[in-house]
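K.L.:
Chain A is already provided as a structure; the job is to place chain B on it using the hints.
Protein chains: 2
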Amino acid sequence: MCEANAYLLKEGKEELVLEDISLLRPEKDEIYLQNIFGEQKRIRARVKEMNLIDHRILLEESQPDL
Amino acid sequence: MCEANAYLLKEGKEELVLEDISLLRPEKDEIYLQNIFGEQKRIRARVKEMNLIDHRILLEESQPDL
Numbered sequence: 001m002c003e004a005n006a007y008l009l010k011e012g013k014e015e016l017v018l019e020d021i022s023l024l025r026p027e028k029d030e031i032y033l034q035n036i037f038g039e040q041k042r043i044r045a046r047v048k049e050m051n052l053i054d055h056r057i058l059l060e061e062s063q064p065d066l
Numbered sequence: 101m102c103e104a105n106a107y108l109l110k111e112g113k114e115e116l117v118l119e120d121i122s123l124l125r126p127e128k129d130e131i132y133l134q135n136i137f138g139e140q141k142r143i144r145a146r147v148k149e150m151n152l153i154d155h156r157i158l159l160e161e162s163q164p165d166l
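Keeping their order, the protein sequence lines are chains A and B. Position 34 of the first sequence, counted from 1, bears residue number 34 in our numbering, the numbering being contiguous throughout. Position 49 of the second sequence, counted from 1, bears residue number 149 in our numbering, the numbering being contiguous throughout.
Mixed in with the good hints there might be a few duds.
As the list claims (entries may be wrong) - Taking lysine-lysine pairs in the PhoX-like style, the calculated list, with each CA pair at most 25 Å apart, reads:
(1) A:Lys41 to A:Lys10
(2) B:Lys110 to A:Lys41
(3) B:Lys110 to B:Lys148
(4) A:Lys48 to B:Lys141
(5) A:Lys28 to B:Lys113
(6) B:Lys141 to A:Lys41
(7) A:Lys28 to A:Lys48
(8) A:Lys13 to B:Lys128
(9) A:Lys10 to B:Lys113
(10) A:Lys41 to B:Lys148
(11) A:Lys28 to A:Lys10
(12) B:Lys128 to A:Lys28
(13) A:Lys10 to B:Lys110
(14) B:Lys148 to A:Lys48
(15) B:Lys141 to A:Lys10
(16) A:Lys48 to B:Lys128
In case anyone wonders, no lab produced these hints; they're calculated from the structure. Computed from a predicted structure; not experimentally measured.
The following block holds chain A by itself, in its conformation from the complex (with noise of 0.2 Å):
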């Protein structure tokens, strides 16, 4: 099971989004999302570290003004 949990970091605090990612794909200014269970998300973020150790993802809000 090599799956990761991906967490979006939101005014300091790391919030789960989605457990055991298979598929992880940006798009535009949102991150397209699919999970082992067929669960999809499309969340208006971008990535900042993947920890394939770790099992996971840390996204951040995008910023659509820079």
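P.N.:
Just chain B now, kept in the frame of chain A:
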């Protein structure tokens, strides 16, 4: 072993960039990669897709004009 291999999409072909990646971090128009052997690479690219079942991270070259 949950690491993934990174490939760079270049003129329609996929070129292996680094194997057994443990850490990926986007930095401006570059991607910082580190693998379980401590090898590090920075390449001018962005994440196109990550498939954690297939252990594949697909990158594509940054287009600074966009």
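K.L.:
Each hint needs a verdict: does it hold in this structure or not?
P.N.:
Right, here's what the structure says about each hint:
{"no.": "1", "hint": "A:Lys41 to A:Lys10", "result": "17 Å, holds"}
{"no.": "2", "hint": "B:Lys110 to A:Lys41", "result": "29 Å, violated"}
{"no.": "3", "hint": "B:Lys110 to B:Lys148", "result": "12 Å, holds"}
{"no.": "4", "hint": "A:Lys48 to B:Lys141", "result": "17 Å, holds"}
{"no.": "5", "hint": "A:Lys28 to B:Lys113", "result": "23 Å, holds"}
{"no.": "6", "hint": "B:Lys141 to A:Lys41", "result": "30 Å, violated"}
{"no.": "7", "hint": "A:Lys28 to A:Lys48", "result": "15 Å, holds"}
{"no.": "8", "hint": "A:Lys13 to B:Lys128", "result": "23 Å, holds"}
{"no.": "9", "hint": "A:Lys10 to B:Lys113", "result": "37 Å, violated"}
{"no.": "10", "hint": "A:Lys41 to B:Lys148", "result": "17 Å, holds"}
{"no.": "11", "hint": "A:Lys28 to A:Lys10", "result": "20 Å, holds"}
{"no.": "12", "hint": "B:Lys128 to A:Lys28", "result": "16 Å, holds"}
{"no.": "13", "hint": "A:Lys10 to B:Lys110", "result": "35 Å, violated"}
{"no.": "14", "hint": "B:Lys148 to A:Lys48", "result": "15 Å, holds"}
{"no.": "15", "hint": "B:Lys141 to A:Lys10", "result": "29 Å, violated"}
{"no.": "16", "hint": "A:Lys48 to B:Lys128", "result": "11 Å, holds"}
Consistency note: the structure conflicts with the earlier hints numbered 2, 6, 9, 13 and 15.
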